[in-house]
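Colleague: Make one complex out of these two single chains by using the hints.
Quick mapping for you: the protein sequence lines, in order, are chains A and B. Following the working numbering, the numbering of the first sequence begins with 101 at its first residue and continues without gaps. Following the working numbering, the numbering of the second sequence begins with 21 at its first residue and continues without gaps.
It should be emphasised that the hints constitute simulated quantities derived from the structure, not laboratory data. Note that CB positions come from ideal geometry on N, CA and C, so glycine has one too. Be a bit skeptical, because a hint or two may be false.
[Said to hold, decoys possible] Derived coverage of chain A by chain B (criterion: at least 3 residues anywhere in the stretch with Cβ under 8 Å from a Cβ of chain B; other residues may be distant):
#, region
1, 104-117
2, 205-217
3, 220-231
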Amino acid sequence: MLEAFPLMPDQIVSEDGQLQPGETVTHTPAELRALWEQMTLVREFDRKLVTLLRQGRTTFYAQASGMEATQVGIATGLRPGHDWVWGYYRDQGVALGLGMTLHEIVSQMLGSNSDLNKGRQMPHHAGSARCRFVSGSSSIASQLPPAVGMAMAQAYLGLDEVTVVTFGDGATSEGDWHAALNMAAVQGAPCLFICENNQWAISTPVTRQTRAESIHIKARAYGMPGYFVDGNDVLAVQRAVRTLADGIRAGSGPVLLECLTYRVGSHSNADADAEKSYRTRDEVNAWTSRDPIERLERFMARQGQEIGAQDRAQVVARIHRDVEDAVARAEASGQPDWRTMLEDVYADTPSHLRHAYEDLRQEYGSGGTK
Amino acid sequence: MTATSSTGRQDTPQDTAPTAPETVTLTLIQAVTEALRGELRRDDRVVVFGEDVGARGGVFLATAGLQAEFGVRRVFDTPLAEAAIVGAAVGMAVRGLRPVAEIQFADYIGPGFDQLTSQAAKLRYRSGGQFSCPMVVRTPSGGGVKGGHHHSQSPEAYYCHTPGLKVVMPSTPYDAMGLLRTAIRGEDPVMFFEPKRLYRAAKGEVPTADFTVEFGRAAVRRTGTDLTIVGYGGVMPDAEKAADALAAEGVSVEVLDLRTLVPWDREAVLASVEKTGRAVLVSEAPRIGNFMGEVASRIGEEAFGSLLAPVMQVAGFDTPYPYAQDRVYLPGPARILNACVKALQY
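Okay, chain B solo, but in the shape it has when bound (with noise of 0.2 Å):
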């Protein structure tokens, strides 16, 4: 099923549909919040752990409450130490059950890397699929917080190089809520990055009864026929500000949200590339190693002969993330929207 609203954007498909037709108003963060809940509700085998996330809540207050109804049986702070942190859901998920960790910012995941890409990762591969690590890392990312470079980094595709994880990223309450239940009841590690800007800021609709979103389907929040923007995670609401300002000059954008970059919708990319013509790459996170320079290459590889320009990327710069100049950074509309001028006068 798929709905337009009134102001002409197209909302999210459902993957799988509500049984009853109310909704409620949630944040991104809200929505996080009440998904963990129901999951908790839902399945025993849930374990929700980190630093600071039983009585305060977490620093973001995304677990904020659960303790009080779960226990601290479910619901439990741990040791400061992220190695630990990540390496006990693997085992606890190796011994059944459903573990989700949260990381208090994506920018200390490091003593835990290894953890991620030597265990998690591999330990299906490994053992020839005699054990298998379904466990969720949550964690706020990227910047626009005023955080400096060590509470607002996108360290997304180093995760994406590592084969056995799967990478979430979304941008609106609706898929913060169905892509973690996703996460939390399939079978696989997953690594949840949360767009910090996005917590409070994005508000939407949410259906109250169950639903999930489905990995590597990417929502198209707009359609269009000229340019195609591609975006994940806290760059989306400015890539809508770019489309809309092309709309008002006459220019029709088909507006892409990845969603999940591992899988990626490497189908619904280049379909709509193969439509426009053109592709404008939107991302936060450094140039060098981006996730989309992936998506580029797909593109040159299977889309060339439709291509009408060169496909452009908009990213992050190549210095480690900056205090003073945060907004500078960050690909806000007005870089989208030079790119996309670029790649229309091509």
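Isolated chain A, as found in the complex (with noise of 0.2 Å):
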């Protein structure tokens, strides 16, 4: 059962998919399916995206292999289109877990047309209102403080919410998060802070982030409690963040989760070569060992819920024509408009963004992209 403080992270299903002693799983064969194939969709999302990234179609890609279930778990313990979620660049598994679409998460990748953010940001920035996903910054820890006031003004109008806040082990480092976590015990503010513990900022393992001798630990200098589960377990994630979101609706105040997981891929295609540059094969292999998807299909098993070979590949296949088909959809739509590039800066158009575009329509007249 999860609790405050735990020497060692909370597991529902152990690394052979063996049900932990004390514990039951209510979840139906279709809902346990359900998890299964939205780990299995993050999963092959990443396999399309680099192929994408090989082929030059798109510039950047952040994997989240490895960390589907972290991911995955933190979605559907929310409720989706109700709670907010501030995401961090890595999270298309809770984008798309909180119903953002193939299509939608694309657009924004290539930024094209199509792209709910007009092409505003680089890949891995999406953000959707009617998901409640808000359109995340690169700087890092930078959503931690805009979560808390987010949080404050749900208590302050007496909503039903909760506002997630997600961020890797890195930004536990940065000024941001101190001030926020600070700032959110004192003004109780109802906000659930999740670090999806990956283990490496880039190069910076965990170990040189920090000396305690784990994230959740902190949250006791903060007063507020810190809880810790194993971010390879799908089901003690999604258990963690209903709970904690129930007891947060419940007038808890805010809490701090680690997710322990691990990036099995590289940081981006900045650092394609993690595993001669900063890490060893034998690290990596030990984590792929303790892969997430892998796991819940050992727990299925044992449940009687075998996923035979021939249902993965159709399942693989059709993620794989789903992703085709969004990207195609998205290239298809084209490069915003030259006149977009001068919207939403502010919400009326000042007169030298007037005279800025006076200025771009004697170079690209009235057609649309140049």
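Modeller: Below, the structure written as structure tokens:
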């Protein structure tokens, strides 16, 4: 069961797929299947986007492989469209789980005309008002203080909503992280802080981010409970998020949850040689053997719900087709018109931007993209 | 409506006409307080917070009495953390409040800079207009109070350089009240710099009825034909003293107060310079990267043919703000006058 400040991360399913002593799982076969499909979607999305990157059709990609249980567990532990999430750039699994479509996410990654964000940011900064998933900034940990403010607003307005903010282990070294946790605790803001501790901030290991024995234990200093789960156990992550979110709804105040997981791939295409430059193949192999999708599959098999090779292949093939279709539609939508570059800087259009529009019109005429 | 007072000084045009003719005399800081009080009464979404703003009422007492009237839910103290104060304002605004955050001194915003430039300024743009953060950061700014360089700087240019933020600096009680209302009622993040040396030095008539002052419109403080002085914020009284001295010598000086830097009133400045042929730009921020560099650039680009003399700048020096030489550093009437004479004699 979930307890504050444990020494070991909470698990429901062991690495070999066995239910931990004292645990029960009430998920229906359909619910387990849905979790498996969602995690498989995140994995296969990674594979397709890496291919897209190698083809030069996008410019940047940050894999979430290895972190599927954490991200799917977060999304499915919340009330999509009701709770709010300030994510971080690697949260494609969270975004998909909250209801963003493949087409919307791919459109953002390509900066295409169909991007909800109008092609304003590099890949991995999707956002959707419909899904209450706030478009992110690249600066590390800067999403935390706004998440606290949003939670304060929810309390002020008497809303039955939780604000979740996610971040990596590197973010916990930033001043914004400390300021946010302190502010949330002092204000009693209904905010759920979730560290997706994948143990590497590009090439810096978590042991060079902090001398504390874990991230979750730091919550004690701010006056809030800290929880610790096995981030490769989707059932444990989902339960923790659901339990803590419901607790926050009931007035518990802010909490910190650390999900211990591992980024199996590189940080991004900027460090595709991660295994050569800063970490060992043995370490990666050790974590690969703890694969969160395979763990769920082993558990499902023990429940009599084995996923056959043909079944898996069909699901994977469908996902690949869906991603290819999303990419094709995004590419077909073209690039955003030059006029949109000057929109949304302000709610109105001040005179200096009207002048800029006139300058650009001289160059681009009445046509669209140049 | 534009009124001319008995002193010959041109009053600020009114953007929305008051419904009653009554006025009251307020200092600039009293105008800030009354604007906040009025907005707190008018709109339940408005919340006021920062360090010491509650029971104390702020170190300058800009929020004095507001917590007593509106309670700790709407007017509250926060931890001493500019990143949290500014960042929380962003999130509150996204979820539908109208946060007005106070940073105790503009010099202290540093830890909140990332929140302003990465979050507040860009949220609307980066989300394609899906999200916005209508919020105000109020902060005392500028020198003249013997504060040394951590209580006297004029950092407005940093924020003018960040698209997405609006930047305001009033110099009169009327403008402080009208501009602050506009800031709170608007849909964008606003940096509201209050020239601290004018908090109690600037007094003026303010309508008791509701009014606002539009952003992006300079105030013509006096009309003239021989030379244009452009300034904003704390330098305005000294700019007018220089204009008085020149008037005594028979020189007709036009004085413009920009009031808002982003957006700024390019049309008013260009029209004035085209009329007078001479421009003296006054601000107290260090000269390199000073906002007036942008004004000078525009005049050079678009009114070059009208110029009878080079555009002159009077600014702070490119040093950290000094404690002992507080008055030497600031562009006082003598330095402004010298620049005007140089332009007139060119």
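Colleague: Against each hint, give a clear statement of whether it holds in the structure.
Modeller: Status of the hints after comparison with the structure:
no. : hint    : result
1   : 104-117 : violated (count 0)
2   : 205-217 : holds (count 3)
3   : 220-231 : holds (count 6)
Figure legend: structure checked against the earlier numbered hints; the only hint not met is number 1.
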